[in-house]
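Trainee: The task is to assemble the complex, starting from two chains supplied on their own in separate frames and drawing on the hints.
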Amino acid sequence: MTRTDFIRRVRACERRLYRVARTMLSSEADCEDAVQEALLKAWSKLDALREVAYFETWLIRILINQCKTFYRRRPHAEAELSEDIPYPETFESPLLDALKSLPHKPGIVLELHYIEGYSVRECARILGIPEGTVKWRLNQGRRLLRLAIGEEAEK
Amino acid sequence: MNRIMDPFPPTPERFHLRVEEALRTLEDKDMNRKRVYRKSIVLAAAILAALLTLTAVAAVMGNTIFKDELKERGAAEVADLVQEVHRTAEDADGTDFSFSVDELIWEDSDLYVSYSLTVPQEGRYMVVMEAPVLNGEKLACDAKGFSGTGCFFDPDEFGCQAVLLLGGQHPRSCGELWTLKADPQYRSRTDNGLFFRAVLLKTDLDMPGAGVWDEGALTPPDAFSFSGNWRSEVSEEYLRQLGEDQAARLDDVAAAFGPDGVLTLDELISTGCAEYVAERTIDLTLDASALPQALYNDVAEHDFDVKGVHLHVDRFRMTHLGVELNCTVSAPGLDADEARRRLNAFFDLSTEWTWDFGTIDGRDPGFSLGGDGGASRVQLEDGTVVYRVSWRQSCVQPLTELRQLIYAPMRYPEGAEEPEYDMENAVILTPVYSEAVAAAEASATPTPAPEPQYDEGEFDFSN
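Chains S and Z, in that order, are what the protein sequence lines are. When we follow our numbering, the leftmost residue of the first sequence carries the number 40, and every step to the right adds one. When we follow our numbering, the leftmost residue of the second sequence carries the number 5, and every step to the right adds one.
Since the hints were derived computationally from the structure, they do not count as laboratory data. Keep in mind the model is a prediction, meaning the values are calculated, not measured. Hints may be right or wrong, so weigh each one.
Computed from the model, here is a short list of chain Z residues facing chain S with C-beta under 8 Å [unchecked claim]: (1) T15; (2) F19; (3) H20; (4) V23; (5) L27; (6) A83.
C-beta: ideal position from N, C-alpha, C; glycine also.
Next up, chain Z with everything else stripped away, as it sits in the complex (with noise of 0.2 Å):
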């Protein structure tokens, strides 16, 4: 990321005064909390001991947490397609470190997994999670749902999938859901090989962490940024805080950290920041044609026209978790230049728009979990051009409520809180399961879905 600099005026004084005078009228809240500290003593202990209670019953028989998040935003019929796997790892050498596959479902390329680690009861910990192979193919992975505290590393980049802090001041258990990009064309294999590999370390580093794994908590609060990248200046204060041979064997983590690379399992070990105990391994044999799954592979019609332009639906996916759709915008039958209007005007962003799904009735499908989508302009061997749109999205979503949903403009009135669906340019897609579609895609080369771009180069905005 490139910083701008910061183009502001000073601070003005009087908005720091109103800022110290808001401060000074801060009412001291201490009391309050501790009352309803007392109130809560007796509720805290019921919980401590039903957590207890869970906590012993799940380390026999691991976590459900997929299923849970699932039921917990109404997806209750594919909830109840997650397969349960509860494969643990032989604990040969009794260190008391539990490592155990939990969970399965394949939808589409996406195979999601959930697991269980435990480490002993005694001493802090790191786990280092390495990424999980697939008929030898180390898989890109990404995180949805965390009970943890760690890191979360790119496998390409960093060597490792995952740090955990387990222990000490960290819970001594959690369960994390991943998911696995997989290459769909597995899907019909009875004898995939499904590998993961849990490297126990301990370590007597002070890592507080914040509690939540997406927060980057192996390094001091705030000092790493999501992209990997050591905020040197942001760390500079907490290692002054800490002793000087804390802060010394910090220092190495932040090297390590740093541009230049990040800590392989080995220089975790050989720079003193931990030390190795146990690792635990489970090799999976995955029958993925056994694996359940719920998928729309086609919408019902596939073209529209839309803002005067020609909009064709080449590829559609929806699956309980996730939306994709990739089409092609066209201006047929219109001269080159004419062409070339209605096309920036259909992607002219400078009225504010942009494109997005929502239900049929126009609202947001809550598509919660993020996504990516972009066009790029592309000349065909005709030399006609036509812009190619690609978006997906993560969600978890009850398909009951989307049997039909809107690909439409957005618009953002001036001074509105919400952005509006324009509902008179919205193209309507009806999902469906398509036979034909299936079959085609079973006998052909699996191809990848183009990449979205953000480059504002593959744009042409130019009138």
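For reference, chain S alone in the conformation it holds in the complex (with noise of 0.2 Å):
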């Protein structure tokens, strides 16, 4: 693959790399960071993306291990942050919310599942966990997410 081609690539898939960032980090810097540097781990590992078909699912999951290191390294510190670009108005969503409310491992699943459109299969070489863990986290999410937007409904 190309540079050009990575980097086309990558626009394309912008959004969801946000989306996955964001259900997996809550503060915004972070999800830049977290991206910034997984876009250049994928392209110094390049060598070890054996089919370009996968480099869509491949990128999501160094994505979410980086995010996953973010986690660790700093679990509720914020960013260094710039003043030169400003932060987006808050947003409101009770889904989006409740879904960020949850723990980040039935979190992820329901995000690739049902917002990104990945089959139980896809979901599981992206985690790299087996598919009957996707689908225990999957229902296992369901139900927090569906306690989640009660109490959400009720605040």
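Mentor: Put into structure tokens, the structure is as follows:
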């Protein structure tokens, strides 16, 4: 894959990268850092990508691992903020709030399956877990999401 | 799958700018790759020569992919049990299309079969593999190891088991491993009839494929989901890049793979996607009693008290290739309300844990080939409410490391990378082979294990 192809494919899935990072990290700044580091890592490890057709799922897996690293490294810390570019205005979405309130393991499976549209098998490939575990977390996530939506509605 | 509408805010401008910033900093790697390429030429030539030799041998001997896989995973003892068949269909029409069934092993209800295909030297081909038939019954299949490119189908829904792409830009030969779900009652028969049919179709469709089987590569890349649904939105761009004639014909393929149905063998031919060339059949008489198996069919201890409830193991199976556990969880001696509270606490997922198998020292045993599990609430005839739990996982696992295993809650501590087994509440299972269980099963009518339930309606978490 050439540099041009790499850039084209990354741009094509930028929105998806944002949603995945946003599901796992609470800070917009961390999302930006995680994606940036994931892209650099993906480019440096490109030789490890055996099939170009897997590029997107491969990149998302790298991003998820990067988000986990951020989560461990500074679970509650805010990244340094740049004053040059303003953060977006507050966005209200009860569903998003509920989704982000979930533990990140079922949360990311719900996001990949129901929002990104990946099949159970694709989720398993991305997350490196058995399909049965994906199904289990989907079931768990649906239950928790329903509870969380109920709590959001009561607020 | 019901997709949820995107609940996320618009992608922030600064996120987009950070992505662009990262992309600008990428160094061009082409030069490095050229150097690697030059260094690799000699090695590649040597590998190519070796592969050509191996291919020539494989054409005669068939594959041993299952044995090779088992040895690679350290399960040498079961590798030695695999029966090499290497039955090749006769090339009566001289089309140079080769099909052979190579390896067999029958463990519990799983009949593992590997086979090889080689298509003629020139041209692009699809090979339609029909679902194998055992004693007149079409078998459900799973696929575990792949070397070819193609699509894998549910035979009941799609009418064929798989379509492989061979020749042209794809390899000319491949070897595949299937798991056939066979009725265990055939295990004692010496005259099982096992039938395979492979149909060779020639095509000039440009189907690049993903290079690996389970990405659904018959159709344009990424356009075919694993569940068999055509992703028209993904394929549109691909179709635009093709010539009109090609795109029109791929539209036929897309239509056939749409929600209303998929291409049958006849449709592949009638839509002009492919042309019938030849077919091969193999009819084996299988003495199942002679097929080796490695099986634990029981556990030494069946009853456990854990987390304030009683867990009884109803059924346990473990082979080198899978582990299955069915158990009943109850709260005897308590009044209905307290029993309900205890059982709900046992299955309380709100604290984010699940149950899984582990090694005796609390490690993941590496059941990496997938699995199913779940629980359902059942009311017995006496009014008692119990939970039935069922787990089945596939694996290729050296049994020597699993003389004991645990079935334990797994917790995901806040911020932790990996889940941890809750060893205090672990159930320790000691697999055994029980002659009594085997004798009872041999005389009883086989009953299928309860299906795992994922429908949340089957669960009751209310307190």
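Trainee: If any of the earlier hints don't hold here, list their numbers in rising order.
Mentor: 6
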